[in-house]
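Visitor: Take the two lone chains and join them into the complex the hints point to.
As they're listed, the protein sequences go chains A and B. Its first residue numbered 1, the first sequence is counted upward by one per residue in our numbering. Its first residue numbered 319, the second sequence is counted upward by one per residue in our numbering.
Just so you know, these hints were derived from the structure itself, not from any lab. Among the clues, some could well be false.
Said to hold, decoys possible - Sample of chain B residues lacking proximity to chain A, with all beta carbon distances greater than 10 Å (derived): (1) P437; (2) M483; (3) F496; (4) E559; (5) R565; (6) F642.
Unchecked claim - Computed list of lysine to aspartate or glutamate pairs in EDC-like fashion (alpha-carbon distance at most 16 Å, straight line): (7) B:K370 <-> B:E424; (8) B:K375 <-> B:E364; (9) B:K595 <-> A:D274; (10) A:K25 <-> B:D470.
From a predicted model like this one, the values you see are computed outputs, not experimental measurements. Here a beta-carbon is modelled for each residue, glycine too, at the ideal position from N, C-alpha and C.
Below are the chains, spelled out letter by letter.
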Amino acid sequence: MAEELRPVKGTSLWKDAWKRLLKNKLAVFGMIVVCFMVIAVLIGPPIVEWSTGFAYDTIPANGDLVRSFPPSMLHPMGTDDQGRDVLARVLLGGRISLMVGIISTIVSLIVGVSYGAIAGYLGKGIDNVMMRIVDMMYAVPYILIVIVLLSLFSGNNAPGFIQYLVKLFGGGAGLSQIFLLFFALGLVSWLTMSRIVRGQIMSLKNQEFVMAAKATGVSTPKIIFKHLVPNTLGLVIVYATLTVPSVMLTEAFLSFLGLGVQAPFASWGSLAADGIKNIAIYPWQLIFPGVTMALTLFSLNFLGDGLRDALDPQMRKV
Amino acid sequence: MLRFILKRLLIIIPMALIVVSVTWALVRFAPGTFYSSEKQLPAAVEANIRKKYGLDKPLIEQYLMMMGNITCRTKAADETTTTGLQFSIGSANFKCFDFGDSLKYEGQSVNEILWRTVPVSATLGILAYLLALAIGITAGTIAALRQNTAIDYSSMAISMLGISMPNFVLGPILVLIFSLYLYWFPPARWDGVLGVSNLVLPVLTLSAVYAAYIARLTRAGMLEVLRSDYIRTARAKGLSEWHVVTRHALRGGLMPVISFTGPALAQLLAGTVVVEKIFALPGMGNVFIQSIFNRDEPLTLGVVAFLSIITLLFNLLVDIGYAFLDPRIRYD
Numbered sequence: 001m002a003e004e005l006r007p008v009k010g011t012s013l014w015k016d017a018w019k020r021l022l023k024n025k026l027a028v029f030g031m032i033v034v035c036f037m038v039i040a041v042l043i044g045p046p047i048v049e050w051s052t053g054f055a056y057d058t059i060p061a062n063g064d065l066v067r068s069f070p071p072s073m074l075h076p077m078g079t080d081d082q083g084r085d086v087l088a089r090v091l092l093g094g095r096i097s098l099m100v101g102i103i104s105t106i107v108s109l110i111v112g113v114s115y116g117a118i119a120g121y122l123g124k125g126i127d128n129v130m131m132r133i134v135d136m137m138y139a140v141p142y143i144l145i146v147i148v149l150l151s152l153f154s155g156n157n158a159p160g161f162i163q164y165l166v167k168l169f170g171g172g173a174g175l176s177q178i179f180l181l182f183f184a185l186g187l188v189s190w191l192t193m194s195r196i197v198r199g200q201i202m203s204l205k206n207q208e209f210v211m212a213a214k215a216t217g218v219s220t221p222k223i224i225f226k227h228l229v230p231n232t233l234g235l236v237i238v239y240a241t242l243t244v245p246s247v248m249l250t251e252a253f254l255s256f257l258g259l260g261v262q263a264p265f266a267s268w269g270s271l272a273a274d275g276i277k278n279i280a281i282y283p284w285q286l287i288f289p290g291v292t293m294a295l296t297l298f299s300l301n302f303l304g305d306g307l308r309d310a311l312d313p314q315m316r317k318v
Numbered sequence: 319m320l321r322f323i324l325k326r327l328l329i330i331i332p333m334a335l336i337v338v339s340v341t342w343a344l345v346r347f348a349p350g351t352f353y354s355s356e357k358q359l360p361a362a363v364e365a366n367i368r369k370k371y372g373l374d375k376p377l378i379e380q381y382l383m384m385m386g387n388i389t390c391r392t393k394a395a396d397e398t399t400t401t402g403l404q405f406s407i408g409s410a411n412f413k414c415f416d417f418g419d420s421l422k423y424e425g426q427s428v429n430e431i432l433w434r435t436v437p438v439s440a441t442l443g444i445l446a447y448l449l450a451l452a453i454g455i456t457a458g459t460i461a462a463l464r465q466n467t468a469i470d471y472s473s474m475a476i477s478m479l480g481i482s483m484p485n486f487v488l489g490p491i492l493v494l495i496f497s498l499y500l501y502w503f504p505p506a507r508w509d510g511v512l513g514v515s516n517l518v519l520p521v522l523t524l525s526a527v528y529a530a531y532i533a534r535l536t537r538a539g540m541l542e543v544l545r546s547d548y549i550r551t552a553r554a555k556g557l558s559e560w561h562v563v564t565r566h567a568l569r570g571g572l573m574p575v576i577s578f579t580g581p582a583l584a585q586l587l588a589g590t591v592v593v594e595k596i597f598a599l600p601g602m603g604n605v606f607i608q609s610i611f612n613r614d615e616p617l618t619l620g621v622v623a624f625l626s627i628i629t630l631l632f633n634l635l636v637d638i639g640y641a642f643l644d645p646r647i648r649y650d
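Extracted from the complex, chain B is given alone in its bound form (with noise of 0.2 Å):
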């Protein structure tokens, strides 16, 4: 097992370079650059640009550079930049981990903008996912337990409702609801993570569609294990109806949720800018889509890298879950 989680987390490493390098070359491609905005500029200022960020240069070394400060290298001895990790090993300085400066937010490098985006959208995901584990579960698990009634029929009913209704559509109507006509919640704001009232509109608007998914799996994967061997071996030793379902059926029932965790949890963490919209919220999915808009290249592959570096993970967590639940599956 911990050879296969070394293992895994290895692979995480080449994997993640090489989605920072294809979204280099797409960032590349795509014509228009961060500087030619409205109007045309001098050709002599242009080139001034090009050179001060290392435009001129040939593509490879350019990629290179990037490749090194995204990484590690050596740090020259005239160089001040104090972003990202820096450590020294005997007389050499070594420099990690720095995605350099934005080139729209000026004075602001890549790393700053992260730290202060990624708790936002994260308390938003986690929250909302937590939500829809809870109101997903529950609704599955009943269902599976009614299955064929109108319970049953009701709640997968309302849980396709709420896989179509696109999120921008739900979350203006919830504000229309609750914050205009109701006065319960403001209708945008952000008072940190603690600002409670603050956060339960966007957590709802964005748990709808994950809680839907989950009771929908819950429900298939519940049906399956309700009428497997062991589940009839435990009623027959006379447990009671709670303790069967909580203790023995949900272990089994809930595989199909674990494994739409890992790319859920990522999505969330990336797929957060509706809502991050329609409610004025200062995250990090604003800030990745503004970033590509403006060709801000070292903020598009700082996003990138982390979110490739989070999805990766919780892959990786998603199969070690596996283990957990399902005493037969091994990793060797």
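One chain only, chain A, in its complex shape (with noise of 0.2 Å):
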């Protein structure tokens, strides 16, 4: 007997992808803590404020209490030079790491993505002029041009849509340089991004397609954006995956050196910058939001990795 037809349902390529991905247990792993770390800096600092009374910046009216406690019921991960309550700073800092995280990794996208599709379409001397500048800002170092970007934009020298964001959330000059941060880094760190959109349109922009595309008349312009760049899309999203931390380590890094994010905000490159003055007599200062930010980046990496082998199986090193 005939078994009964019955049609084959196909699965698109994300499908795939995400069995592929569900598939590997280190980026289900990581996938879950990043999960949990964004869920946790949105509603932690309420819940925190709620039972223990303690905001971010918090400083206990009590004199006697204005000194770093250690870890206990009231405070888990103890308190800071000032009494503040470094469970309620940590997960601020969160939230602050990563937003810097996620905005600027979105404002390299739009960089790299177009400024590597152009270069990569147009070929030629374009191309040529387009690489070597890329390749010339690889070499000059990228803090210099941080400096300056947020020396240049600080207070009210900040553009307009920054101003405008500032208003939006409420907040005065601390906000304005923490918002001005996440573009600095945006605009220094699409530079691999290009160069990986760009091989890959210019593999892309041979086909059939393309050349259909051409001969309907299509402008250069919808080209580009609408028929190649959709197609780098698995690529550039595992890229960003990646991009992420590299990011928050770099705006650690700058608050490290006191010029990132300045106080009474902070993330968890500047927590842990402030910890490590008082690392022999208050350990936890530094440990709790190093750790934490270490676990994250962890769990980032290991999502980019499972990422990039669900997507993109020939980029797969086995």
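Guide: So this is what it looks like as structure tokens:
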């Protein structure tokens, strides 16, 4: 008897990738930790404030409490020099660190993808010039560029959209510095992305579908952004996931040098930088933010690795 | 091959000059100057300072003067400076590679500061990279040979931890354990290149992330090579496993590591700043960061020129290294 013929249900590229990703235990672990961190930094601060009465910048009114206490029931991560709750500060720092990671990555994505796509598609002389500019930017120390951007646009010199964002979040100068940092970091971390996209576009642009688009009179910008860029999406997502931890590390490095997030705000980097000063006496001031940060970066890196294996089996180094 | 090396060596010069020019423009773009720190200076004093350092001249003239100093120019008869390379051809006196005096560290020339600080950073960087190579290649090779076993997974997880751990967290934790509890190594001191016990912690801190990257790159490269035909041939000939791995597989499997080495070494030289700060070492990274904060233009330019030349040179060395490891690559 012939079996009943059922139509085969096709699976999309994305479904396939999702299945492969779920098979990778470390990537799943990374995904869970990242989700947990995101939820924790979103709902954590109000919960801590409600249960202990400490916001990230609450300095106890009682003078005897204005010093660093080791972890206790009330303060699971201890308190810092000014008696502020470290847990509340780590949660706020996480908010800012993760936002740095995500927003800067989006900025670098927009710049890097369009730059790489334009260079790759136009080719020849334009490509040559554009890529030599990238080469040079690799050689100029990025920290110099960040410092120049930060000091050029600080305070009232901030571009209009940043001032608008600051108003939207109802904050003062400290907030403007943080938003500026997002964009400055994004503007120095698009180089690798542009190279990758360029390579991908160069191998795609001679395929039939592009020729068909050209033959039907589609305009060049539309070919680049409607026909070619979507085809690089898998690769772009992979590198975006790996850019997030690297940008977060850069922010931490800048905060360590005193350039990043300013008090009373905090990021994991600035918390760790503050903690280093007291490492011998109050090690919890360094260890909790440091380990939280390392764990998050660890998970993001594993997630990125897993995504690469899942989305791009060819690139996969077995 | 020789022509290729020569050509690339010649390209380094204009590339480095462009990088220095861009840096100069960036420093000039940044608001604030080296003399305006806390209080507003009287206008007359400011004008005097600007005149002394030639800041009152047109920008293009300042730029050309700076370029002349850091490359080569003829020496004026009344000049007494002795920094840089000085020589004479016939009756004309020439002066090269003079980066001028630091604006913040008075009485010290940039050349002097570089001579003093570069060996510190170089020692740290080179030792850290050698250690990273030793650990990374060993771990990566073993992981590749035992693919999908517990050894493989654990060494890759540890290496991911190394990549994710910021070195300003790792460094203090090492200090906490080895200096403050165990009393094995001093937490901060510089005893010169031979002060072994002072070098242990900084070198360990610095090498962790590179060892981790190298382990992952080696594993990936080795996995690809180990299943290629020539390895099967080598095994079929009856060579010992040790011989197959060390003589045949490693040569091809290390290609990704080689291409990582160029940028990594350059980055190491510049990126020792965190370690220098934590362990209070008198290296170049710290001087560089301070020079940017202080708007100490000559010092910034000196370090950038040095670093860009080193970066470009390392990239050239990497390309030459390819040709030696992979006989299929030819540069003509």
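Visitor: Each of the hints needs a verdict: does it hold here or not?
Guide: Cross-check of the supplied hints:
{"no.": "1", "hint": "P437", "in the structure": "21 Å, holds"}
{"no.": "2", "hint": "M483", "in the structure": "5 Å, violated"}
{"no.": "3", "hint": "F496", "in the structure": "13 Å, holds"}
{"no.": "4", "hint": "E559", "in the structure": "20 Å, holds"}
{"no.": "5", "hint": "R565", "in the structure": "22 Å, holds"}
{"no.": "6", "hint": "F642", "in the structure": "23 Å, holds"}
{"no.": "7", "hint": "B:K370 <-> B:E424", "in the structure": "14 Å, holds"}
{"no.": "8", "hint": "B:K375 <-> B:E364", "in the structure": "14 Å, holds"}
{"no.": "9", "hint": "B:K595 <-> A:D274", "in the structure": "13 Å, holds"}
{"no.": "10", "hint": "A:K25 <-> B:D470", "in the structure": "14 Å, holds"}
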